[in-house]
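In order, the protein sequences belong to chains X and F.
Under the working numbering, read the first sequence as residues 5 to 382, first letter to last.
Under the working numbering, read the second sequence as residues -11 to 71, first letter to last.
Treat the hints as calculated values from the structure; they're not laboratory data.
Please read these numbers as outputs of a predicted model, since none were measured by experiment.
Backbone N, C-alpha and C define an ideal beta-carbon position, used for all residues, glycine too.
Heads up, a few of these hints could be off.
[As the list claims (entries may be wrong)] In silico contact screen, one side only, chain F against chain X (beta carbon under 8 Å); selected entries:
| id | residue |
| --- | --- |
| 1 | E(-1) |
| 2 | G29 |
| 3 | C30 |
| 4 | Y32 |
| 5 | A69 |
| 6 | D70 |
Now for the letters of each chain:
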Amino acid sequence: MIYLDNAATTVEKPPKVIRAVEEAFRRGGNAGRGEGSGYAGETLLACRTEAAALFGTRPERVAFTFNATHALNIAIASLARGARRAVISGYEHNAVRRPLAARAEAGLETAVVRSPLFEPEYFLFMFERALERGADFAVCTHVSNVFGYILPIERVDALCERYGVPLIVDASQSAGVLPLDAGGLRAARFICMPGHKSLYGPQGTGLLICLGDAEPLLYGGTGQDSRADGMPDYLPERLEAGTQNLHGIAGLLEGIRYVRRRTPEAILAHERAFTERVLDGLRVHPEIKTYSARGLFCQTGMLSLELRGGDSETLAHELMLRGIATRGGLHCAPLAHESAGTSERGTVRISPSDFTRLRDADTLVDALRSAARRREMC
Amino acid sequence: MAECMLTSRGETRARLMAGELGRKGIPATLRRLPAELTREGCAYGVSVPSEELPRAMHLLRVAGFPPRRAFVYGADGWREADT
Chain X
5 MIYLDNAATT
15 VEKPPKVIRA
25 VEEAFRRGGN
35 AGRGEGSGYA
45 GETLLACRTE
55 AAALFGTRPE
65 RVAFTFNATH
75 ALNIAIASLA
85 RGARRAVISG
95 YEHNAVRRPL
105 AARAEAGLET
115 AVVRSPLFEP
125 EYFLFMFERA
135 LERGADFAVC
145 THVSNVFGYI
155 LPIERVDALC
165 ERYGVPLIVD
175 ASQSAGVLPL
185 DAGGLRAARF
195 ICMPGHKSLY
205 GPQGTGLLIC
215 LGDAEPLLYG
225 GTGQDSRADG
235 MPDYLPERLE
245 AGTQNLHGIA
255 GLLEGIRYVR
265 RRTPEAILAH
275 ERAFTERVLD
285 GLRVHPEIKT
295 YSARGLFCQT
305 GMLSLELRGG
315 DSETLAHELM
325 LRGIATRGGL
335 HCAPLAHESA
345 GTSERGTVRI
355 SPSDFTRLRD
365 ADTLVDALRS
375 AARRREMC
Chain F
-11 MAECMLTSRG
-1 ETRARLMAGE
9 LGRKGIPATL
19 RRLPAELTRE
29 GCAYGVSVPS
39 EELPRAMHLL
49 RVAGFPPRRA
59 FVYGADGWRE
69 ADT
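One chain only, chain X, in its complex shape (with noise of 0.2 Å):
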């Protein structure tokens, strides 16, 4: 199988990842828990150490988290507290839609800033018009999970401090492929992302970077202040209720790891090198429409596509018969489709990960021109 759904979560791991894996089922523990936790309070720390190094900023900041959506409702539970109005952006996934539509009875109103596809200058026009009527703090994605559209985000960050609104950052598919850099952003209080996506850990992982104070979302044994009701007072333990996923964990150390030492450049550089050379591929065929900015200049090498009419659950389907897995439908992120215009039928998602090979691009569009041939003899 060629597998381009990367951006859902990537299937082929680094060697050293499931090596990790199994090395914590040999010599396991529970971090926090007692003598025999060596092993595993080592390893919880090498993983925020690394995951530190990559994001710049402190080990003690970098919480543990199920996933992305895990590590959202953290961020939004801890500033969503009295608040009355949210901005977002229209390329949010559901899992920052949701917890705030889950608020809108309490009082939150939501404020998405709807702008067209690959176009940052006008997005940043309109964020700041949505900042101008107040926020009590905003969430934006770092990349679209739908398209690859990279929105600035250490310009939305700027924009956030003038209007002394706290940020939330969903790097949930930047983390591992654009750099980040915590220790720039002034306004950004929450990043959130997955470990199991481009950073190559193992499901069941995520990270939430805290760059101010956070509220706990569970609450529960930490191995730590045993007699305090609450939760610690201090990160990341406020936020790490219960037994942690070691397990994912030492897989997720090797898989940061292993983005450092390729680094986010040069595995952007691969994917998008596979994408353009689908859109190469792609060029002569009007009936198969490609998302994409020109030159890729504001877009990972995540791509979304549909042939011209038809309907795209339809057409990943058919590339599955073919072997081929890709993601049909709205991508969980519904705002994301409004934004673009593609909400009615929505589009296939084409994404590669750095262990995509190049040749399978000609695989794909060899695909794509089929199911658009058979398309035009229905």
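Place chain F on chain X using the hints.
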């Protein structure tokens, strides 16, 4: 050589403290704290030789990991160190 115990805000910070001191040549051991040293119940600290206490305190403050408290073990048990 008396033992000193530097108490910490959490295991993560205690490990960072131990790592920092180790890198600077101070023998430092991660420890679960004796019950008498923690009002909160269950906590971590770092054990260092008493003659290294002033330097350890200095290094940890510079590194941004100041201990919560420091104790010295003597004939009458643990007592808070004068730092």
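Can you name, in rising order, the numbers of the hints this structure does not satisfy? 5, 6
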